[in-house]
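Make a model of the complete structure from these sequences and hints.
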Amino acid sequence: MLLRYRGGEGMLAWAFHRISGVAIWAFVVLHVIDIYLVGGNPEAYDELLAIYASPIGRVLEALLGAALLYHALNGLRIIVMDFWPPLTRYHRQLWYICWLIFVGVGLPVAWIVLKPIWEGVPT
Amino acid sequence: MSAPYTRSGRARPRGGGLELAIWYLMRLTGIALFVFALTHYLIVHVIYDPAEQDASWIAQVRWSSTFWRAFDWSLLMLVLFHAFMGVRTVVVDYVKGRSRTLLLAGLYLLAFVLFALGTAVVMTLPVVPKS
Chain A
21 MLLRYRGGEG MLAWAFHRIS GVAIWAFVVL HVIDIYLVGG NPEAYDELLA
71 IYASPIGRVL EALLGAALLY HALNGLRIIV MDFWPPLTRY HRQLWYICWL
121 IFVGVGLPVA WIVLKPIWEG VPT
Chain B
4 MSAPYTRSGR ARPRGGGLEL AIWYLMRLTG IALFVFALTH YLIVHVIYDP
54 AEQDASWIAQ VRWSSTFWRA FDWSLLMLVL FHAFMGVRTV VVDYVKGRSR
104 TLLLAGLYLL AFVLFALGTA VVMTLPVVPK S
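Line by line, the protein sequences give chains A and B.
If you're matching positions, the first sequence starts at 21 in this note's numbering and goes up one per residue.
If you're matching positions, the second sequence starts at 4 in this note's numbering and goes up one per residue.
Because the hints were derived from the structure by calculation, they are not lab data.
Take the hints with a grain of salt, since some may be wrong.
Taking lysine to aspartate or glutamate and the DMTMM-like style, the derived pairs with C-alpha atoms no more than 20 Å apart in a straight line are [said to hold, decoys possible]: (1) B/133 with B/22; (2) B/133 with A/81; (3) B/133 with A/63; (4) B/133 with B/57; (5) A/135 with B/52; (6) A/135 with A/63; (7) A/135 with B/55; (8) B/133 with B/55.
Examples of chain A residues toward chain B, derived with CB under 10 Å [as the list claims (entries may be wrong)]: (9) 34; (10) 49; (11) 55; (12) 57; (13) 58; (14) 61; (15) 78; (16) 81; (17) 138.
Computed spacing ranges between beta-carbons, pair by pair [stated by the list, open to error]: (18) B/16 with A/35: 17 to 23 Å; (19) B/42 with A/46: 18 to 24 Å; (20) A/67 with B/19: 45 to 51 Å; (21) B/64 with A/140: 41 to 47 Å; (22) B/16 with A/140: 29 to 35 Å.
Built from N, CA and C at the ideal position, the CB exists for glycine as well.
As structure tokens, this is what we get:
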């Protein structure tokens, strides 16, 4: 259904890029403020860090990593097509390569980020 | 008419000027962020665990060297430009008229506040010697 609507993979690549971009922007806003607290109010920062390190926080961190990795890979794909327009003919294949790398790199990273949920924090 | 080849990126603005400069800078900062942002994520989520990165860890370890402060400040500059210009494109795509002007003004103000807060903390947080 999603793949049939208008642009197919090209449109999905664009939509995911936009959604992941806005999500990362929202996290950056939060993240600059929390790092400011390291100087301005260290106790408040440490309390916030406890939320980041909680199970729910870790799931959100994994999702942030996924958004970041997709946006980074698809961003390179956009740049490649912008500067070598003939490669646009292979935009689908390039998108599948992005997903291949996304899964290959993303799964081990997600494992490491999420593992402390069931194994406890490494000391 | 927009460029025939664009399938996922914003079409390269015609005629030059500020819009074209921003178009190029989005791609340039994008490539830089590929390295800086992914390295940053790798360090704070994979090599170290978030649970150990409390305020004193940042003062004693993470920001004990000028190199990492410079790295993080560069990342801040890159991400503020790229993220806020990106959201600007989204706002311009979906919002028109007076609300667009107001939203963009708020966006630029927020970017400036984050620039000030981030720069202040990375430049002034005292280094605490490891005890």
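| said: 18 to 24 Å was suggested as the range; check whether the CB atoms of residue 42 of chain B and residue 46 of chain A agree with it. | reply: holds (21 Å)
| message | Can you verify the interface hint for residue 49 of chain A: is its Cβ closer than 10 Å to any Cβ in chain B? | response | holds (7 Å)
| query | When you check the alpha-carbon spacing of residue 133 of chain B and residue 22 of chain B, does it fall within 20 Å? | reply | violated (48 Å)
| task | Would you mind confirming whether the straight-line C-alpha gap from residue 133 of chain B to residue 63 of chain A stays at or under 20 Å? | result | Between residue 133 of chain B and residue 63 of chain A the Cα gap is close to 19 Å, so the pair holds against 20 Å.
| Between residue 16 of chain B and residue 35 of chain A, does the beta-carbon spacing fit 17 to 23 Å? | holds (22 Å)
| said: Verify the CB-CB distance for residue 67 of chain A and residue 19 of chain B against the hinted window 45 to 51 Å. | reply: Roughly 50 Å apart at Cβ, these two residues keep to the hinted range, so it holds.
| query | Once the shortest beta carbon distance from residue 81 of chain A to chain B is found, is it less than 10 Å? | reply | holds (6 Å)
| field | Interface hint for residue 138 of chain A, Cβ within 10 Å of any Cβ on chain B | value | Violated: closest Cβ of chain B sits about 14 Å from residue 138 of chain A, beyond 10 Å.
| request: May I ask you to test the hint 29 to 35 Å on the CB atoms belonging to residue 16 of chain B and residue 140 of chain A? | output: violated (52 Å)
| query | Should the hint that residue 57 of chain A touches chain B count as held when the rule is a Cβ pair under 10 Å? | reply | Cβ of residue 57 of chain A sits 8 Å from chain B, so the hint holds.
| task | Under 10 Å, Cβ to Cβ, is where residue 58 of chain A needs to be relative to chain B, so tell me if that hint holds or is violated. | result | Holds, because the Cβ-Cβ distance from residue 58 of chain A to chain B comes to roughly 5 Å (cut-off 10 Å).
| Does the interface hint hold: is residue 78 of chain A within less than 10 Å of chain B, judged Cβ to Cβ? | Result: holds, 8 Å to nearest chain B Cβ.
In this structure, the hints that do not hold are numbers 1, 2, 6, 17, 21, 22, in rising order.
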